[in-house]
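One letter stands for each residue in the lines below.
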Amino acid sequence: MNFGGRSLAFSILGLLVSILIPLFLDAYYLHILITILFWGYLGSCWNILGGYAGQFSFGHAAFFGVGAYASSLLFVDAGISPWIGMLAGAVLALVLGLFIGYLCFRYGLKGPYFALSMLACAQMLQIIAVNWKAVKGALGVLIPLGDSFLNFTFKNRLPYYYIILAMMIGILILTKWIQEKRLGYYFFAIREDEDAAKALGINIQKYKMMAMALSAFTTAMGGTFYAQYYYYIDPSLSFGGSVSIDILLRPIVGGPGTVFGPLVGSLLLSPLSEITRSLFRQYSGLHQMIFGSILIATVIFLPRGIMGLVQDIGLQIRRKVKKVGPHEPA
Amino acid sequence: MEPSMIIQACVSGILMGGVYSLIAVGLTLIFGIMKIINFAHGAFMMLGMYVSYWVFIYFRIDPYLSILVSFAILFLVGILTQIFLIERVIDTPEHNPLLITLGLWIFLENLALMIWSPDFRTVKVSYSAKSFVVHDIIFSFPRILAFLSAFVLAFLLYLFLKKTDIGKAIRAISEEKIGARLVGINVKKINYITLGIGAACAGVAGSIITPFFHVEPYIGEHFVITAFVVVVLGGMGNFIGSLVGGIILGLCEALAAVLLPGSFKLLVTYLIFMIVLLFRPAGIFSKRPG
Numbered sequence: 001m002n003f004g005g006r007s008l009a010f011s012i013l014g015l016l017v018s019i020l021i022p023l024f025l026d027a028y029y030l031h032i033l034i035t036i037l038f039w040g041y042l043g044s045c046w047n048i049l050g051g052y053a054g055q056f057s058f059g060h061a062a063f064f065g066v067g068a069y070a071s072s073l074l075f076v077d078a079g080i081s082p083w084i085g086m087l088a089g090a091v092l093a094l095v096l097g098l099f100i101g102y103l104c105f106r107y108g109l110k111g112p113y114f115a116l117s118m119l120a121c122a123q124m125l126q127i128i129a130v131n132w133k134a135v136k137g138a139l140g141v142l143i144p145l146g147d148s149f150l151n152f153t154f155k156n157r158l159p160y161y162y163i164i165l166a167m168m169i170g171i172l173i174l175t176k177w178i179q180e181k182r183l184g185y186y187f188f189a190i191r192e193d194e195d196a197a198k199a200l201g202i203n204i205q206k207y208k209m210m211a212m213a214l215s216a217f218t219t220a221m222g223g224t225f226y227a228q229y230y231y232y233i234d235p236s237l238s239f240g241g242s243v244s245i246d247i248l249l250r251p252i253v254g255g256p257g258t259v260f261g262p263l264v265g266s267l268l269l270s271p272l273s274e275i276t277r278s279l280f281r282q283y284s285g286l287h288q289m290i291f292g293s294i295l296i297a298t299v300i301f302l303p304r305g306i307m308g309l310v311q312d313i314g315l316q317i318r319r320k321v322k323k324v325g326p327h328e329p330a
Numbered sequence: 331m332e333p334s335m336i337i338q339a340c341v342s343g344i345l346m347g348g349v350y351s352l353i354a355v356g357l358t359l360i361f362g363i364m365k366i367i368n369f370a371h372g373a374f375m376m377l378g379m380y381v382s383y384w385v386f387i388y389f390r391i392d393p394y395l396s397i398l399v400s401f402a403i404l405f406l407v408g409i410l411t412q413i414f415l416i417e418r419v420i421d422t423p424e425h426n427p428l429l430i431t432l433g434l435w436i437f438l439e440n441l442a443l444m445i446w447s448p449d450f451r452t453v454k455v456s457y458s459a460k461s462f463v464v465h466d467i468i469f470s471f472p473r474i475l476a477f478l479s480a481f482v483l484a485f486l487l488y489l490f491l492k493k494t495d496i497g498k499a500i501r502a503i504s505e506e507k508i509g510a511r512l513v514g515i516n517v518k519k520i521n522y523i524t525l526g527i528g529a530a531c532a533g534v535a536g537s538i539i540t541p542f543f544h545v546e547p548y549i550g551e552h553f554v555i556t557a558f559v560v561v562v563l564g565g566m567g568n569f570i571g572s573l574v575g576g577i578i579l580g581l582c583e584a585l586a587a588v589l590l591p592g593s594f595k596l597l598v599t600y601l602i603f604m605i606v607l608l609f610r611p612a613g614i615f616s617k618r619p620g
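Line order of the protein sequences matches chains A and B. Position 282 (the first sequence) corresponds to 282 in the numbering used here; numbering is contiguous. Position 1 (the second sequence) corresponds to 331 in the numbering used here; numbering is contiguous.
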């Protein structure tokens with residue numbers, strides 16, 4: 001992988017800071033850090049399909065919920081370690097993703113149609129989960145408390161932090177890898193102009209399916225983390241529309257189709273959500289209202305997200321430096 | 331299962347379908363002109379319901395009279411939405427307007443939650459519980475009234491589209507945007523009016539169901555998703571298709587509610603949606619399969 005010297009140094013510094021910083025924080029701030037990484041992780045998973053391949057999904061909760069339910073049910077009903085359950089859920093989500101993807105892409109559903117189809121799939125799964133006794137219906141699944149690595153349950157928040165940090169680093173490396181490989185260029189080509197990509201001989205169906213598979217697999221792993229961290233899932237927490245919206249909000253605000261966009265978006269939105277929720281408890285709905293306004297403002301003023309703004313500013317600074325540079329003719 | 335239960339379900343299904351039709355007509359109108367799926371449509375309907383609710387609480391005016399108020403307010407909301415939000419992103423990639431309306435949906439719904447609380451509110455008018463029985467089949471009076479008004483309003487809208495200059499301009503743009511611009515139609519102005527009328531349809535639909543439906547911030551969610559399905563069913567941008575599609579969906583939903591356990595009736599709605607999208611994306615009334 002091509003890391004320049006400077007960005008390698010930055011990466012190592014960032015890694016050191018993120019490993020050491022939780023040691024100095026109390027439980028509340030640690031929780032906020034975990035939510036930042038958690039939503040950043042899910043946003044990055046969405047970003048592979050939505051940001052890179054350009055297929056906006058309004059129903060990523062489908063994969064998230066499948067992951068959460070698979071590992072939780074295997075753990076509660078069969079005593080299988082959530083680590084294995086995480087993999088099982090991810091594989092199940094991958095199969096689901098390939099199935100939905102096959103149907104949608106085979107019949108050429110794109111843009112808003114694809115977004116709505118994903119929404120419909122997530123809603124269907126929610127209805128099934130509510131009505132299906134075997135998955136405990138509307139009551140949801142309670143994870144037994146415990147403190148063991150094998151069972152993915154900890155009394156302290158610190159282990160959760162390191163687990164989600166590892167997942168975040170994993171998805172950053174995966175995204176970076178996609179971006180620099182041929183696969184990423186295929187994704188970009190499909191996003192920018194599907195017909196042109198097709199004319200150039202790219203197998204659109206195949207690469208869309210790949211984006212879908214990667215995205216579904218990783219999103220489901222986030223679902224398992226959610227279940228183990230909050231010890232409880234129910235149909236609307238897992239498959240609900242607000243989950244899908246929460247997942248896509250971070251990458252949209254941070255910058256879709258960039259490696260760090262989802263994390264940057266999460267850095268802004270996740271603390272905001274936690275803080276408004278605890279400060280303005282009596283105004284339920286306020287934090288969602290703010291999220292709605294931020295989404296609208298981002299689309300109107302920063303269509304390429306915060307990362308787009310950062311890139312533009314960086315470009316301008318470089319231009320200015322060049323213009324007034326001492327060794328360059330004016 | 332008694333046959334009378336099936337017939338009863340058909341009756342209530344068709345009556346509810348009329349309301350779905352009116353909501354969907356607004357949605358399909360907006361889609362036809364701007365190729366935008368308006369996620370905020372359910373929120374517009376919810377606002378219409380609250381308008382009628384508050385007019386009823388403060389002035390004791392019947393929801394059927396406050397139709398005019400909610401029409402005016404939602405028409406304005408629609409125009410403002412177009413001017414300040416959608417018009418700014420209309421020529422950008424198609425997911426941008428989608429995200430804008432999604433953001434507006436979240437915003438309006440939670441605004442309602444914040445100022446009006448999540449309480450279920452009801453409007454009790456003299457005819458709320460009135461119904462008459464024919465051969466063991468119950469016809470709820472407010473629902474019949476809602477069905478009839480939905481169709482009268484849809485018919486008025488149809489006349490408006492057919493007979494007036496603005497209506498003709500709207501149809502022209504939905505058929506051929508560039509051509510319409512070339513013959514001198516002010517596309518910008520028509521866009522404002524279309525979003526205004528579309529939002530007003532949703533608002534009015536909200537008003538006419540307040541006599542028999544509870545009012546709450548999240549009420550629009552169910553209706554907007556149903557309206558998406560109706561619009562897809564009838565063909566995106568197809569006015570008559572939406573009217574018929576609404577009735578069909580109302581029927582399916584009511585029958586599913588009788589025949590299937592639990593809340594599986596919603597599953598039927600989504601299944602219809604997926605099947606139509608996949609196999610007949612241009613709607614069930616189109617001649618070509620996609």
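Simulated from the structure, these hints should not be mistaken for laboratory data. A portion of the hints provided could be inaccurate.
As the list claims (entries may be wrong) - Ranges between beta-carbon positions, derived for each pair:
| no. | chain 1 | residue 1 | chain 2 | residue 2 | range |
| --- | --- | --- | --- | --- | --- |
| 1 | A | D26 | B | R390 | 50 to 60 Å |
| 2 | A | W177 | B | T422 | 51 to 61 Å |
| 3 | A | L8 | B | L590 | 33 to 43 Å |
| 4 | A | K155 | B | R390 | 40 to 50 Å |
| 5 | A | L268 | B | T422 | 35 to 45 Å |
| 6 | A | W177 | B | P591 | 39 to 49 Å |
| 7 | A | L15 | B | A402 | 50 to 60 Å |
| 8 | B | F609 | A | D312 | 57 to 67 Å |
| 9 | B | P423 | A | F24 | 41 to 51 Å |
Claimed, not checked - To give an idea of the chain B side of the interface with chain A (calculated C-beta under 10 Å), a few residues:
| no. | residue |
| --- | --- |
| 10 | I367 |
| 11 | P423 |
| 12 | L443 |
| 13 | L489 |
| 14 | I520 |
| 15 | I523 |
| 16 | G567 |
What the hints assert, rightly or not - Computed list of lysine-lysine pairs in DSS-like fashion (alpha-carbon distance at most 27 Å, straight line):
| no. | chain 1 | residue 1 | chain 2 | residue 2 |
| --- | --- | --- | --- | --- |
| 17 | B | K493 | A | K110 |
| 18 | A | K133 | A | K176 |
| 19 | B | K493 | A | K198 |
| 20 | B | K518 | A | K136 |
| 21 | B | K519 | B | K492 |
| 22 | B | K493 | B | K518 |
| 23 | B | K365 | B | K460 |
| 24 | A | K133 | B | K518 |
| 25 | A | K110 | B | K492 |
Built from N, CA and C at the ideal position, the CB exists for glycine as well.
Now the hints, each set against the structure:
Range check, A/D26 to B/R390: Cβ separation about 56 Å, and the 50 to 60 Å hint holds. Distance hint for A/W177 and B/T422: a CB-CB separation of about 30 Å, inconsistent with the stated range 51 to 61 Å. With their beta carbons about 59 Å apart, A/L8 and B/L590 fall outside the hinted range of 33 to 43 Å. A hinted range of 40 to 50 Å is violated for the C-beta pair A/K155 and B/R390, which are about 59 Å apart.
A beta carbon spacing of about 22 Å between A/L268 and B/T422 contradicts the range 35 to 45 Å that was offered as a hint. Against the hinted window of 39 to 49 Å, the Cβ-Cβ separation of A/W177 and B/P591 comes to about 47 Å, which satisfies the hint. A hinted range of 50 to 60 Å for the beta carbons of A/L15 and B/A402 is consistent with their spacing of about 59 Å. Between B/F609 and A/D312 the CB atoms are about 44 Å apart, so this pair departs from the stated range of 57 to 67 Å.
Distance hint check for B/P423 and A/F24: the Cβ-Cβ separation is about 43 Å, which falls inside the suggested range of 41 to 51 Å. Interface hint status for B/I367: upheld, as the beta-carbon distance to the closest one in chain A is roughly 5 Å, under 10 Å. The beta carbon of B/P423 comes within 8 Å of a beta carbon in chain A, closer than 10 Å, and the hint placing it at the interface holds. Hint status for B/L443 relative to chain A: holds, with the closest Cβ pair at about 4 Å, below 10 Å.
Because the beta carbon of B/L489 sits about 30 Å from the nearest beta carbon in chain A, more than 10 Å, this interface hint is broken. The interface hint given for B/I520 is violated, since its Cβ lies 21 Å from the closest Cβ of chain A, which is over the 10 Å cut-off. Of the supplied interface hints, the one on B/I523 is violated, with its beta-carbon coming no nearer than about 22 Å to a beta-carbon of chain A, more than 10 Å. Because the beta carbon of B/G567 sits about 13 Å from the nearest beta carbon in chain A, more than 10 Å, this interface hint is broken.
Of the supplied pair hints, the one linking B/K493 and A/K110 is violated, its CA atoms being roughly 35 Å apart against a limit of 27 Å. Between A/K133 and A/K176 the CA atoms are separated by roughly 42 Å; this puts the pair beyond 27 Å, and the hint is violated. Proposed proximity of B/K493 and A/K198 is contradicted: the alpha carbons are some 44 Å apart, above 27 Å. Pair hint B/K518 plus A/K136 does not hold up; C-alpha atoms about 52 Å apart against a cutoff of 27 Å.
At roughly 18 Å between alpha-carbon atoms, B/K519 and B/K492 fall within 27 Å of each other, so this suggested pair holds. The suggested pairing of B/K493 with B/K518 holds, with an alpha-carbon distance near 21 Å, which does not exceed 27 Å. For the suggested pair B/K365 and B/K460, the alpha carbons sit about 41 Å apart, so the restraint of at most 27 Å is broken. The hinted pair formed by A/K133 and B/K518 fails the criterion: a straight-line CA distance of about 53 Å is larger than 27 Å.
Straight-line distance between C-alpha atoms of A/K110 and B/K492 comes to about 32 Å, which puts the hinted pair past the 27 Å bound.
Comparing the model with each earlier hint shows violations of hints 2, 3, 4, 5, 8, 13, 14, 15, 16, 17, 18, 19, 20, 23, 24 and 25; every other hint is respected.
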